[in-house]
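> Residue numbers (our numbering), protein chains in the order written: chain A, 18 to 267; chain B, 1086 to 1366.
One or more of the hints may lead you astray.
[As the list claims (entries may be wrong)] Calculated pairs, DSS-like style, for lysine-lysine (alpha carbon to alpha carbon, straight line, at most 25 angstroms):
hint, chain 1, residue 1, chain 2, residue 2
1, A, K86, B, K1310
2, A, K70, A, K86
3, A, K70, B, K1310
[Claimed, not checked] Covered by chain B, per the in silico footprint, the following chain A stretches (three or more residues, Cβ under 8 angstroms):
hint, stretch
4, 120 to 126
5, 226 to 233
[To be verified] Across the chosen pairs, the derived CB separations fall in these ranges:
hint, chain 1, residue 1, chain 2, residue 2, range
6, B, L1335, A, Q154, 42 to 48 angstroms
7, A, R107, B, L1170, 26 to 32 angstroms
8, B, A1232, A, Y30, 30 to 36 angstroms
Read the hints as simulated data drawn from the structure, not as lab findings. We put the CB at the ideal spot given by N, CA and C, even for glycine.
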Amino acid sequence: MTVDNLTVYRETYAAVQEVSFSLDAGTDTAIVGPNGAGKSTLVQALLGILPRKTGDVFILGQPLSRQGKLPSQVREQIAYLPQNFLFDRRIPITVEELVGLGWDAPGIRLPWVGARARFHHVRQALARVDAAHLRSQPISNLSGGEMKRVLLSYCLVRPRSLLILDEAPAGLDIQSESEFYQLLYQLKQEQGWAILQVSHDLEMVRRHCDRVLCLNRTLRCQGVPEVALSPENLVAAYGNDRTPYHHSHY
Amino acid sequence: MVMSLTVELARVVDLFQLPFMHRALIGGVLTGMMGGLLGSFAILRQLSFFSDTLGHSVLLGISLGIVFGLNPTVVLLPFAVVFALVVSYLLEKTKLWTDALLNIVYSSSLALAIILLSFVGQYKGGLNNLLFGDILAIRPGDLVFSAVLLVVCVLFVGLTLNTQMLVTLHEELAMARGISVSTQRMLFIVLLALVVGISIKAIGVLLISAFVVIPASAAQFIAGKFSHYIIISSLIGAVSAVGGMLLSALFDLPSGPSIVLTQLTLFFMAASLPYLRRLAF
């Protein structure tokens, strides 16, 4: 992925301004910064969910159009987990159906076409995250940790090149968060995913990520964690009076 | 007692031999299925009150048609579609609460429609039919239109089921998969407007939203899977229409309200199922 001079407006102000960076295959890049720094805005603009004001985005060599369109074969190489996957828990949908949504590319088709392949891949993906027993459960019955595992199987049900996570473990307790990252990095090794993730957990970023982007509307620093997360760079990104919190469970 | 019941049943059987009863029954089933099918998405996307508002706005379309000397049936459908799109645009763009905006639209279009109708003498008596519908007055042409629309609804939902499920579950997730949520939302609203518009004649302005909301709400208690939920909702819509027509014929009750009462009965039965299951185990 290559991002060149990207500016995104939220109503009248520039939430992300002149951001440029690139992401190599198979690497793990974290976006860090204080609340309101534009991290989620940046991720949503990269996916074409939010329109951009200026700049260019190339994903797997293909340009993201001004209307946020990508060729479908590129789109299907990307999996995205939004910040706080909130949904109406009364929606009657099972785990199997949710993961199946990750398998089928959106478009016009008869619902029963490819049902056998979908069934097979959904089962495999659920087994891989140790959630095969949840297959027939309505998603409203899942705990936070189970939900995250199911969402990871939604990502891995079809081969992907890029995983974009917006504070994916938000809402989990420390133990579940630790288990989530353990599983995520196991899968990254197996699947060869490149990961771009928004995170507040600098300790996790130091431990796992190859590169860090420090964002506070503009890109304040970028590089390997040892350099990007130096005290001077953190002050540049977060400001003097806003100390980022650290977790010590890794 | 047995004798009078036999006589009564024979009367109902005779009644259902009449062509207008055939049409009413088929029309009810078609409307029930369409309402149940689109209603299953409408309630999850919180469009229940929207469908009610749409029903009331259609009355305004009919009134305008009558006042300007146009065929109300011809005016009805384009008016319903344009009105639905305008209201959905307003819902996106204004800072008013959804239910407040819908209430303003709903009550003002009803008021305007009744004032317009008061200028047209021969329609004063017909207001009752517009408000409560007259399923027995369905014509063969209406049935053809309803059948075609049902096929369109089934094709739309069936062929884009994956897309509709993603949009209903999480719009951001859908957009990240390259789905144009605004286009999907607009297509759904146009279909809903057509269904409401075509069903008004049979069901009436006041009861049309029941056809969208009650079968889907009942199905939600029964179905575990999304695909089952859509099918059950459509079936409840169809079964309610048959049951309501029988109820109406047996006790000489108005047909539209009888269908809605049947829907309500099925809703209560569905709502009590989870409790009965818990008692059983």
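> Could you work out which of the previously given hints the structure breaks and list their numbers from low to high?
1, 3, 5, 8
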